[in-house]
Structure formats: C-alpha cells, structure tokens
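So the chains spell out like this:
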Amino acid sequence: MSLLLEFLKIAIYPGVLFIIVFSLFLEWLDRKIYAHSQHRIGPLYIGPHGILQPFADILKLISKEDITPPHVDKSFFMLAPPVLLYLAILGMFMIPLGALGEPYALLSFEGDYLVVLTITTLITAFVFAGSWASFNRFSALGSIRALLLMVGYEVPLFLCAAAVALDAKTLCLSRIALIQSTSPWFIVMQPIGFIISLIALQAELERIPFDIPEAETEIVAGWLTEFSGKKLAMIRLAHDIELFLLASLIVTLYLGGPWGPMGPSALWFILKVIFVIFLSSILRALFARYRIEQAITFFWKYIIPLSLLQVFIALLIPLV
Amino acid sequence: MSVIKELIKCLISRPVTIKYPYERKEPYPRFRGKISINYDACIGCGLCARVCPALAITLITPPRKKSIRDRRPLVQIYKCVFCGQCALVCPRKAITFSKEYELSSFSKDGMLVAPPFFKNKKHKLRQS
Amino acid sequence: MPEIEIPVGPQHPALKEPIRFVFRIDGEIVVGAEPRLGYAHRGIEKLGEHRSYVQVLYLSERICGICSVAHTTCYVETAERLFNIEIPPRAKFIRVIVSELNRIHSHLLWLGILAHEIGFDTLFMYTWRDRELVLDLLEMITGNRVLYAINMIGGVRHDITNEMVDKIRKVMDYLEERTKYYKRVVQEDPLMLARLSEVGILSRSDAQKLCAVGPTIRGSGVKTDIRKEDPYAAYDEIPFNIITYTEGDALAKTLVRVDEIQESINIIRYALDHMPSGNINIRVPLRPSPGEAIGRVEAPRGELFYYIRSDGSERPYRFKVRTPTLANIPALCKMLEGVYVADIPVVVASIDPCIACMDRVLLIDTNKGTWNILTGEELRRYSKKWYEKHKIR
Numbered sequence: 043m044s045l046l047l048e049f050l051k052i053a054i055y056p057g058v059l060f061i062i063v064f065s066l067f068l069e070w071l072d073r074k075i076y077a078h079s080q081h082r083i084g085p086l087y088i089g090p091h092g093i094l095q096p097f098a099d100i101l102k103l104i105s106k107e108d109i110t111p112p113h114v115d116k117s118f119f120m121l122a123p124p125v126l127l128y129l130a131i132l133g134m135f136m137i138p139l140g141a142l143g144e145p146y147a148l149l150s151f152e153g154d155y156l157v158v159l160t161i162t163t164l165i166t167a168f169v170f171a172g173s174w175a176s177f178n179r180f181s182a183l184g185s186i187r188a189l190l191l192m193v194g195y196e197v198p199l200f201l202c203a204a205a206v207a208l209d210a211k212t213l214c215l216s217r218i219a220l221i222q223s224t225s226p227w228f229i230v231m232q233p234i235g236f237i238i239s240l241i242a243l244q245a246e247l248e249r250i251p252f253d254i255p256e257a258e259t260e261i262v263a264g265w266l267t268e269f270s271g272k273k274l275a276m277i278r279l280a281h282d283i284e285l286f287l288l289a290s291l292i293v294t295l296y297l298g299g300p301w302g303p304m305g306p307s308a309l310w311f312i313l314k315v316i317f318v319i320f321l322s323s324i325l326r327a328l329f330a331r332y333r334i335e336q337a338i339t340f341f342w343k344y345i346i347p348l349s350l351l352q353v354f355i356a357l358l359i360p361l362v
Numbered sequence: 151m152s153v154i155k156e157l158i159k160c161l162i163s164r165p166v167t168i169k170y171p172y173e174r175k176e177p178y179p180r181f182r183g184k185i186s187i188n189y190d191a192c193i194g195c196g197l198c199a200r201v202c203p204a205l206a207i208t209l210i211t212p213p214r215k216k217s218i219r220d221r222r223p224l225v226q227i228y229k230c231v232f233c234g235q236c237a238l239v240c241p242r243k244a245i246t247f248s249k250e251y252e253l254s255s256f257s258k259d260g261m262l263v264a265p266p267f268f269k270n271k272k273h274k275l276r277q278s
Numbered sequence: 005m006p007e008i009e010i011p012v013g014p015q016h017p018a019l020k021e022p023i024r025f026v027f028r029i030d031g032e033i034v035v036g037a038e039p040r041l042g043y044a045h046r047g048i049e050k051l052g053e054h055r056s057y058v059q060v061l062y063l064s065e066r067i068c069g070i071c072s073v074a075h076t077t078c079y080v081e082t083a084e085r086l087f088n089i090e091i092p093p094r095a096k097f098i099r100v101i102v103s104e105l106n107r108i109h110s111h112l113l114w115l116g117i118l119a120h121e122i123g124f125d126t127l128f129m130y131t132w133r134d135r136e137l138v139l140d141l142l143e144m145i146t147g148n149r150v151l152y153a154i155n156m157i158g159g160v161r162h163d164i165t166n167e168m169v170d171k172i173r174k175v176m177d178y179l180e181e182r183t184k185y186y187k188r189v190v191q192e193d194p195l196m197l198a199r200l201s202e203v204g205i206l207s208r209s210d211a212q213k214l215c216a217v218g219p220t221i222r223g224s225g226v227k228t229d230i231r232k233e234d235p236y237a238a239y240d241e242i243p244f245n246i247i248t249y250t251e252g253d254a255l256a257k258t259l260v261r262v263d264e265i266q267e268s269i270n271i272i273r274y275a276l277d278h279m280p281s282g283n284i285n286i287r288v289p290l291r292p293s294p295g296e297a298i299g300r301v302e303a304p305r306g307e308l309f310y311y312i313r314s315d316g317s318e319r320p321y322r323f324k325v326r327t328p329t330l331a332n333i334p335a336l337c338k339m340l341e342g343v344y345v346a347d348i349p350v351v352v353a354s355i356d357p358c359i360a361c362m363d364r365v366l367l368i369d370t371n372k373g374t375w376n377i378l379t380g381e382e383l384r385r386y387s388k389k390w391y392e393k394h395k396i397r
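Residue numbers (the numbering used here), protein chains in the order written: chain A, 43 to 362; chain B, 151 to 278; chain C, 5 to 397.
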C-alpha cells in the first residue's frame with residue numbers, strides 16, 4: 043500500500059506530472075506577462091486565455107519529423123535532450139514543495155543542496171555536448187557562448203548559495219526552508235544575494251539580457267539549430283522545468299519555501315514561485331541583449347565583488 | 151531601465167491588439183478595396199484597360215453584338231494592384247472601390263469582376 | 005583560432021530581405037566581408053521600357069514598400085521635367101506632407117528593427133505601435149496604408165480636407181512626445197549604449213570617399229541633404245535643419261534618424277500652416293517630346309536618383325533607378341571590418357538596408373575598362389551559359 047502511495051507521489055504529485063503541468067503553466071505566465079508589458083496580448087486562443095498554448099507547442103513539436111543530419115556525432119546528439127529532461131526533473135524532486143509531511147521533498151538528505159547546484163552545472167555541460175555534437179558552425183558558436191556565459195554566472199550563483207548555507211548552517215534544502223519559518227526570511231537578511239540570484243537565473247536560462255547563446259538575430263537559433271521534432275520538444279520541456287527548478291530554488295533559499303503563516307502549504311509555495319517568475323519576466327522585457335564579452339565583464343566586474351561582499355556579511359552577521 | 155515607467159503603464163492598461171478576425175477595423179472612406187464596376191454607366195471606351203499597370207482589365211464583347219460601345223471590362227482581381235488609375239481615368243465614373251479587402255477565394259471564377267453576360271471559357275482573357 | 009567562414013543570408017533571421025554575405029571571422033571578430041547582391045532582382049528597368057508613363061509610375065512605386073512615396077515623387081519630378089510642366093503649388097505642399105509622413109513611418113519602423121536586432125523587443129513593440137498612427141493617417145489621406153498612389157504626373161490625386169488637418173495635428177503632437185521619449189531611451193539606456201556606441205564606425209573621410217548617402221553619411225558629420233541642395237516639391241519654401249552627428253558609429257546614425265523624425269514633424273506643421281489653396285493637378289499630354297531628364301529626392305534612406313529618356317513615344321525609352329542602399333553597400337563593407345560577430349546585425353541594420361530597392365545590375369569589367377548594362381532577361385541567359393560552361397549545377 044505504501045509502495046503504491048510512493049509510486050503515486052513520484053508519478054503524480056509532487057512528482058513528474060505535477061512538475062510538467064506546472065512548468066507549462068509557468069511558461070504561459072511568463073509569455074503573458076512579457077506580452078502585456080509590451081502592450082500586446084500573448085497566447086489567446088488555445089484554451090481559456092491561451093493557457094494550453096505551451097502544451098500545444100510541445101504536442102506540435104512531438105508530431106513533427108525528427109531529422110538527424112548524417113554528419114552529427116550521434117552519441118551526444120541523441121543523448122543530450124533526454125538527459126536534460128531527466129536532470130531537470132531530478133533536480134525538482136529535491137525541492138520542498140510543501141504538500142507532504144516530513145520529509146518535505148521527495149528526496150531530501152544532507153547535501154541535496156549541492157546536488158541541485160551540480161545539476162544546474164550538468165545541464166549546461168550537456169547543452170554544450172549536444173550542440174558541439176551537432177557539427178554545425180552556428181551550433182558551435184552557440185555552444186561556445188553558452189560555456190562562456192557559464193564562466194560568468196556560475197561563480198556568483200555559488201557564492202550566494204554558500205552565503206545562505208553559511209547562515210543556515212545546513213546543506214539540506216528542506217531544512218533551509220524550515221529554518222525560515224521561525225526566523226525572518228533570508229531575503230531580509232541577504233537582499234543582495236536575492237538580487238544576484240535573480241540575475242543569475244536570467245543568465246542560466248538564457249533569457250534576455252543574457253540571451254546570447256540563443257540569439258535569434260545573430261546565429262540563426264544558436265545551440266539548438268540542429269534539433270527538431272521530439273528532441274526539440276524534450277529540450278523545450280527541459281527548459282521550462284529548469285525555469286521552475288531555479289525559481290523554486292530561489293523561493294526555497296530566500297523566500298521561505300512553502301512555509302506561510304499557518305505552516306507549510308503548497309498554495310504558498312505556488313504563489314511565491316509565481317512572484318519570482320513575475321520579476322523574471324519583467325526583467326526580460328526591460329532590457330536589450332548583452333554581447334558575450336560585455337556580459338562576462340558585467341559579471342566579473344560588478345556581480346562577483348557584490349557576492350563576495352554578501353558572503354562576508356553572512357559570516358559576520360549570524361542568524362539568531 | 152528607462153522603459154520601466156512605460157512598461158508598468160502598459161502592464162496595467164488594455165493591450166492595443168485588435169483580435170482580428172473577431173474584431174475588425176473599419177477602413178477609411180478613401181480606401182481602395184475590391185473594384186466594383188457600374189456596368190450600366192460604362193460606355194465601353196477602353197481607357198481603364200489601357201492604363202492598368204498590372205494588365206488586369208480585359209474588354210470583352212457580349213455575344214451577338216458588334217459595336218465597340220458594347221464592350222465591357224472584366225477585371226481579374228488576382229492581378230489587380232489596387233492603384234486606382236482606372237477609377238481616375240473613367241470618363242463616366244463607372245469604376246469605384248468598395249471596402250472589401252478579404253479577397254481570397256477557392257476558385258479563379260470567384261476572383262473575377264465580370265459583366266452580367268460573361269460566361270466562362272467563351273472569352274479570351276488578357277495575358278501578361 | 006583559425007579563420008572560419010560564416011555565411012549570412014540569403015535567408016537569415018537577422019535580415020529582412022535576401023542578401024548574401026560571407027564573413028571570414030577569427031574568433032569573434034570579423035576580418036573580411038563579401039557581399040553578394042541580386043536575390044531580389046525583378047527586371048523592373050526592362051519592364052519599364054514596355055509600359056506607358058502612367059503605368060511606370062505604379063511600377064516605380066512598387067520597387068520598395070517602405071519608401072514607396074519617395075520613388076513616386078522622384079519619378080514624377082523626372083517626368084514633369086521631361087514633359088516640361090509646372091504643377092500647382094498646393095500639390096507641392098501635399099507632396100511634402102505625404103513624403104514627410106512616409107519618412108516618419110520609415111524611421112519608426114527602422115528604430116523598431118534596430119531594437120529587435122539588439123534583442124530589445126519591448127522598444128520594437130512600442131515604436132511599431134506608434135507607427136500604426138502614422139499608417140492610419142496615410143490611409144485617411146491617400147486610401148492605402150502602404151502603397152499610396154497619391155502622386156500623378158501633374159500633381160496629386162487626393163486633397164487634404166480640414167478635418168484631416170485637425171487629425172494630422174493631433175497625431176503630430178502625440179508623436180512629438182513619443183519621439184522625445186525614444187530619444188531619451190536611446191541616449192540613456194545603458195544596454196542600448198553598450199550595444200550601439202563605438203560599433204561600426206565610419207570615419208568622415210571614408211564616408212565621403214565611398215560616397216555614402218543619407219543618414220549613413222550624416223552620422224559621420226557631413227552636412228548633405230538633397231532637400232536643401234537640390235530642392236524639389238515645396239522644400240525651398242520650408243525651413244528645416246539638417247541633422248548631423250560626428251561620431252560615425254551606430255549610435256550616431258540612430259540619433260540622426262530620431263532627430264529627423266522631429267524635423268519631419270516640424271516640416272509637416274509648417275506645411276499645414278502655410279498650405280496655399282488651389283487645384284491639385286493639371287492635365288498632361290500623352291507623349292513628351294524626345295529628351296532625357298533626371299530627378300533626385302531625399303528618400304528616408306538617402307539620395308534616390310532617377311533617369312528617364314524619351315524618344316517621343318508614349319513609353320519611356322530607358323528608365324534607370326539608383327537607390328540609396330546601393331550607394332551605401334561599399335560603406336557597409338568598410339564598416340564591417342573589425343566588428344564582433346554579435347554586432348553584424350547591428351551594423352547592417354544601421355545603414356537601413358532596403359535590398360528590394362537595390363538590385364539592378366550594371367556589370368563593370370574593370371580589366372578591360374568597358375561597361376555594359378544587362379537587363380534581367382540577358383542576365384538570365386548569360387548566367388545559364390556561364391553555368392553550363394563551368395558545369396556547376
């Protein structure tokens with residue numbers, strides 16, 4: 043009986059089905075906010091207010107022909123899309139979503155924080171592997187740019203993560219969220235870290251202003267040029283789930299996870315994630331695209347000193 | 151950062167998009183849509199066919215009539231470029247432009263503005 | 005890292021029209037650029053020789069959709085010189101108003117395209133939303149949003165009534181505020197400055213040597229404008245400034261165009277205040293006397309040049325168009341040396357390319373010092389023979 047319950051937890055809620063459905067909802071929300079800030083409508087016709095549009099996009103991509111050009115390196119080309127999807131879902135399993143009792147996430151152990159951060163790095167590594175294996179000069183340029191961008195955002199993201207872990211004195215995400223139910227949220231104690239994490243979220247997901255690896259007007263489609271059909275559907279789904287993953291990571295670290303005034307609840311968690319996505323979409327609508335060397339300069343000149351400052355503040359002002 | 155005020159204004163106001171085809175905007179009075187010919191006023195002078203830059207107007211004679219004055223213009227809408235020169239030169243102002251702009255059709259016969267006596271395949275249309 | 009060759013075009017998301025570039029890049033820097041034109045060649049000049057003067061007017065309008073009224077204005081200027089007629093003054097003012105509205109719409113469109121090239125889609129949507137007002141005005145005056153057919157040999161076709169004048173003034177007031185806002189955005193937004201300044205620099209001497217035209221050369225500090233040097237329509241009666249900036253980079257060209265929107269608004273207001281009354285067109289004969297005539301206008305992209313030669317019949321004997329983008333292509337190749345790959349769309353967009361305008365072929369054999377003009381038909385035959393000879397499929 044409990045085995046069946048575990049299976050349902052993994053498959054339905056808070057497992058795979060919930061993750062996929064909610065991340066498609068988040069993509070719709072992002073597109074709607076982006077569109078309304080430009081005085082236009084966004085998705086409208088598929089489903090009420092266009093809410094089924096991302097699902098329709100994935101369905102359409104699955105039904106298209108999947109062309110593998112003959113000269114690609116089949117090992118990584120075929121491997122990269124499903125591995126990206128798998129990694130993104132695996133990362134989501136470790137985030138406390140708030141609907142269960144102890145433990146608050148499907149997989150929760152001391153050190154799962156590090157595993158989630160490693161997963162984000164691995165995702166970029168597989169993006170590079172898949173696009174390098176595409177053997178196309180546009181994909182080559184895109185993959186190099188993706189790696190270069192990682193040089194930029196990885197260090198500040200990890201430093202801010204370290205600042206939170208130093209203050210919370212634990213490496214378990216569920217415990218970090220639990221601590222914030224009794225003491226003020228980390229956004230109040232470490233506001234610089236919150237802002238830097240938001241910027242690093244934009245860079246990790248290759249959204250404007252760090253759209254560089256996927257810059258449509260410069261190198262066709264960047265690193266996803268050669269993927270089509272089911273592989274492209276998997277990559278897009280993995281991208282959406284990664285958005286959910288990083289947003290919920292920020293919610294867990296800085297906004298108190300699913301804890302609200304009356305104990306842990308899934309609804310609070312969802313509202314906080316929607317707030318983070320709202321901020322991210324506004325950032326996306328507000329800026330133009332950086333060039334790659336300007337982005338790296340921006341990160342190393344301004345963001346990394348700020349995150350070092352954040353680490354020092356975290357060391358000097360311990361949490362009561 | 152400089153667009154932030156504009157962005158917030160746009161977020162809270164209604165989008166400017168017109169949800170075509172469920173909402174349509176009415177064209178202005180001088181709009182040149184599909185051509186429409188008043189075949190009673192037409193005198194068959196042929197000036198419209200002479201000036202059409204797209205060679206879209208052919209003059210066809212009705213059966214059993216021989217006079218030049220009985221010729222009437224037939225317009226192939228798929229060639230028309232909506233320039234309005236034919237309306238300008240017509241001495242009897244028989245050519246006007248309606249406000250129709252959704253002109254697709256499933257057959258070529260739907261794309262002709264023809265005089266009442268026109269029967270298909272009996273008249274040779276102007277090629278270009 | 006060794007040099008690799010990146011082909012850009014003829015189909016590419018950065019280009020609105022087909023043109024092929026082959027860039028040789030070293031890492032992220034472009035070391036060489038080779039353009040190749042001809043993808044939008046339509047045989048217009050040959051077609052013009054088989055149509056009457058009235059029909060060639062509409063043909064010339066359809067050379068380009070964005071600067072269409074500049075083409076018709078140039079054509080009727082040239083034809084009126086050939087026919088030796090003088091049009092009524094009210095027609096000249098109406099031509100000025102429609103030309104300046106066209107210039108505003110073209111520059112707003114271009115600003116949106118530039119913003120899209122640097123990834124600033126929000127500005128793209130805002131400028132195109134404001135451009136809709138200009139298109140509505142043009143539809144109200146002329147009857148169509150894109151290909152206006154307002155000019156005819158001998159004057160203009162439609163008149164501007166008093167309600168239209170009121171509406172035009174209201175839209176001009178709104179657009180003036182918006183232009184000031186866009187100028188502030190371009191000058192103050194840090195990301196736009198980072199992407200546009202010091203990119204694609206064209207020095208003043210290079211611009212003059214390579215004969216760039218329009219805002220491309222005005223952004224390098226040279227004060228030249230056909231509306232002042234060779235006035236046509238009513239431009240000799242309307243005071244306005246020529247906008248120049250001296251830096252020569254993409255930011256300078258952007259600011260030139262934004263300020264030109266403001267100047268156009270002022271010109272339209274002056275023209276509306278001082279519009280003479282009278283009729284708007286006169287009758288013209290069917291055939292001109294034999295001779296030749298040229299006409300030049302300031303299209304939104306630069307100097308547009310027409311040449312018509314007549315042999316006394318009702319069809320032109322030769323009809324030649326030289327559009328501004330063609331004159332800017334050598335300057336473009338010079339600007340593209342030494343830029344980053346990420347800046348290629350910005351540099352190409354900063355000359356406001358209108359490839360549809362530009363494809364007419366004149367083959368110059370520099371070795372032999374001879375030249376011959378090939379029409380579209382002859383070019384096709386020549387290329388077929390060449391490919392058969394070299395066995396390339």
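One thing to keep in mind: the hints can contain errors.
Claimed, not checked - Derived, one-sided and incomplete: chain C residues facing chain A with beta-carbon distance under 8 Å:
#  : residue
1  : I10
2  : P14
3  : I122
4  : F124
5  : D125
6  : T126
7  : R135
8  : L137
9  : L139
10 : L195
11 : M196
12 : A198
13 : R208
Keep in mind that the hints were calculated from the coordinates and are not lab data.
Source: prediction; values computed, not measured.
For each residue, glycine too, the CB sits at the ideal point set by N, CA and C.
To see whether the hints hold, each was checked on the structure:
no.	hint	in the structure
1	I10	holds (6 Å)
2	P14	violated (13 Å)
3	I122	holds (5 Å)
4	F124	holds (4 Å)
5	D125	holds (7 Å)
6	T126	holds (5 Å)
7	R135	violated (13 Å)
8	L137	violated (13 Å)
9	L139	violated (17 Å)
10	L195	holds (4 Å)
11	M196	holds (6 Å)
12	A198	holds (6 Å)
13	R208	violated (26 Å)
Checked against the numbered hints given earlier, the structure breaks hints 2, 7, 8, 9 and 13 and satisfies all the rest.
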